[in-house]
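2 protein chains.
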Amino acid sequence: MKNILQREIPETLEGIGEIEPFQGAFTKLRKGWMEEETVPPPNKAKMPHSSKMCSNLKEAVIRTNPRNGMTVSFHHHLRGGDSILVETIKILAELGIKDITLASSSLTSAHEPILPYLKNGTITQIYSSGIRGEIGEAVAKGVMPKPFVIHSHGGRVRSVHTGKIKIDLTVIAASAADIEGNSTGAHGPSAFGSMGYAVIDARYARQVVVVTDNIVDYPCVPQAVTQNFVDYVVKVDSIGDPSKIAGGTTRITKAPMDLQIARLAAQVIEHSGELKEGFSFQVGAGGASLAVAKYIRKIMKQKVIKGSFILGGVTSYGVDMLNEGLFKSIFDVQSFDAAVSTSLMTNPYHIEITAGLYANPFNCGCMTNKLDIVVLGALEIDTDFNVNVITGSEGYVRGASGGHSDTASGANLTVVVCPSFRGRIPIVKEKVHTIVTPGESIDVLVTERGICVNPNRPELKENLIKGGIAVKEIKDLAAEVEKITGVAKPIQNEERIVGIVEYRDGTVIDVIRQVK
Amino acid sequence: MKNILQREIPETLEGIGEIEPFQGAFTKLRKGWMEEETVPPPNKAKMPHSSKMCSNLKEAVIRTNPRNGMTVSFHHHLRGGDSILVETIKILAELGIKDITLASSSLTSAHEPILPYLKNGTITQIYSSGIRGEIGEAVAKGVMPKPFVIHSHGGRVRSVHTGKIKIDLTVIAASAADIEGNSTGAHGPSAFGSMGYAVIDARYARQVVVVTDNIVDYPCVPQAVTQNFVDYVVKVDSIGDPSKIAGGTTRITKAPMDLQIARLAAQVIEHSGELKEGFSFQVGAGGASLAVAKYIRKIMKQKVIKGSFILGGVTSYGVDMLNEGLFKSIFDVQSFDAAVSTSLMTNPYHIEITAGLYANPFNCGCMTNKLDIVVLGALEIDTDFNVNVITGSEGYVRGASGGHSDTASGANLTVVVCPSFRGRIPIVKEKVHTIVTPGESIDVLVTERGICVNPNRPELKENLIKGGIAVKEIKDLAAEVEKITGVAKPIQNEERIVGIVEYRDGTVIDVIRQVK
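If you read the protein sequences in the order shown, they are chains A and B. Quick note, the first sequence lines up with residues 1 to 516 if you use my numbering. Quick note, the second sequence lines up with residues 1001 to 1516 if you use my numbering.
I should point out that these hints are in silico values taken from the structure, not numbers from a laboratory. There's no promise every hint is true.
[Stated by the list, open to error] DSS-like, lysine-lysine: derived pairs with alpha carbons at most 27 Å apart:
| # | chain 1 | residue 1 | chain 2 | residue 2 |
| --- | --- | --- | --- | --- |
| 1 | B | K1098 | A | K276 |
| 2 | B | K1098 | B | K1166 |
| 3 | A | K328 | B | K1046 |
Please build the complete structure, drawing on both the sequences and the hints.
Put into structure tokens, the structure is as follows:
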């Protein structure tokens, strides 16, 4: 069958089951109350004054009674510095556990040592927001028996709530914790800020282990995860490489083209009609996206506009804007550097939020639903504005769905910033290899070679033209790019589906086929 | 059948269903994982940028589609000043809704205007931690068709988790909220401090309405309840009578007998072996209980002992001890005066906790499980140390289970303080009218007429004797009291059971029969 974006989707898939095709960003919501039932969180019980402390991670893992076919989950707040995921998988492999589903909120290059376990039946399926590097190449080449599932940050929470992901064991790395498992990422030698992605796992996992390199006096404050959800606590020497966990202040790009695109994007936002008193704002951390904040900050000061909240993955650049009074508050599901952790600790208007509050579509109103302006990147964008942020030009998995489709669906103004091509590879093109975010959620594309407005936003196009901004048809831009780069060689695929891309509501927006 | 405390309990009861008899404080826990399943919290969905604001409470109630047989819940943080519960019930009655189960975390004298609705079929069942005044008299006299259920604070959370209480609509009064429903009790003209009892309702209710007299700029900070759980928000002129919500500083009793009992209790604690560096502490807010804190504070200063945490219903006396550095932190499920709200707002070590974290027996470790010393009151205590805190000498319901059995079961040292008799009515006696907390959880009784140690704590008795404290057999004390007061006239009951007292694990520890 084909979904509404004309992507060929099977009705069922081994290792996944029945597949519901993507029907549009809000079709399931418009039906009213979601019909899919949620699953009950586990009941647990402990005798008073019993100890949760284990002498090492292996002991904790053994005490949780691991078994074949289990699902193990992790958060990715330690980013490129994480060592806990790999250590846990190694322990499970040593114990002879097979057929594990790995459900990390994302995967980074730090996790490449698990590669052998993808090949030998230890890990047979992955649920993740992102996959990169050698793992991304291996899974695209079909190394695993069951299809991997790419979900958005909000979609992951929905999956846990509805039992699509049934977590048997979650191992939560914390930069500070007490002996009962009250824990935080906001302070300690390995501080990483918000622990927003871990909270849903703590609530639903059959067994919850907190691992820290920093046991503090009871009680640990603040408490991102509280003791009533924690079964075991482990003190280890290190939860990872702090230099890769919090890499210092996130710097604005100096690449001239990124800066040019960012400047254009800021002009687009300025004239969009959305940059007004009390607006809310999210930008990605990388390349041109973060640079947009630099120009928006200038405009806000010039025009004396004060915003409501900054959302998302938070950089110290956002913290600066909070401290300058440009925004009233920050909602922080993930913090990108050490300065952010300090702000999170000390400023009551720098609010740590869970991934569910951030982006789960099926609750009474996630934060992304209240967002006015978001600036996002793209690996590819097609002439219907569909965006690929997951597969690279060779067809390997090398990105993350993250909050892309979550924020794009909720924001009043979704701006995609990217160069029109990279090297000889077109970015703006007729058909993207993989769709993560549907074009209906993208309002405007800003490239160095032109600005294109989604035809479903005619009033936005008018605003921009009134503001003196030249607007181009996206088909024209794509044709222009093709003239420069030539027609891109299509990626050679096998028929076999090795992964699916789940939209935030649980429907399937695209599949990923095995790369030849 | 008889439960383990020899109370006559029916196997089934109309309006309740099957009854599981009380088997001992930890029998269900010792079985390992609790077998009772929990229920799934609801899935909800809202379109982005949609409004939750209703122009008045009636509009909000109508939008939640009320129906016959529904369960409506409330928190009791507004105490004697609450007007929201009564207003909501009046609206439902006006709408012709019948057969309502009222599931308030507790009921106070402020709720007496609902009395007509108990008699006319509007409200047919009550779940509550406490019932008092005219309502307590009416329900004991059998005014309602279905038996009421008395639960502990921790037991209530368990009941909601396991679906024994299925909340259709919860109406949450807040002293500050924003238009999305992020809300708190910590500031505003009607500030009441912690909102700890409301959080479980917000998570599980099919419909959640936040009512406030104080809409603040988005976002409301701090956030006891977050927007992802809130369906509707209502601004009203008043949520109640602020003078009865936060009644100023809670004062220590000046009654000589209470002070005498409190002094004795402090001596008992001093020599118990539990008053040591890092101990944790909870006292009730009333009479002799709070006065014990005064003497403990002195001893802590003299002996230079620093405690870990204060737990519970928190008074400004507790806040003073925190500020003096006598304790490291306060965990606050319920705040008793305005000074407490200010501390909660400003001191990161004054931590707002949910009722689940406070006392639910079926999670990974509630706070009461970590408690070292608790001082509790009693309406009656029998020679097996079983305590009644729910029915008065006429048999009417005039108290609250509250956290009594929760803290008593978890604390290393549970001290009951009460006079041995009041007027001509014995308090210490052979058999109490209603058991709320089993004797096995009570370690020592302190009265003006003698101190009695539970025989299951021989080492405690030794410690006290070593400390020069005279210890009496409880049977001797009861006999002594009987000589003074004469034998109390037994309460005249009908056979009909009008209410049950649930132990925190969901078993039935006692029943309440209709008073003649």
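How the hints compare with the structure:
1. Taking the CA atoms of B/K1098 and A/K276, the gap is near 49 Å; set against the 27 Å cutoff, the hint is violated.
2. Only pairs whose Cα atoms come within 27 Å are accepted, and B/K1098 paired with B/K1166 is accepted, the gap being roughly 17 Å.
3. Taking the CA atoms of A/K328 and B/K1046, the gap is near 25 Å; set against the 27 Å cutoff, the hint holds.
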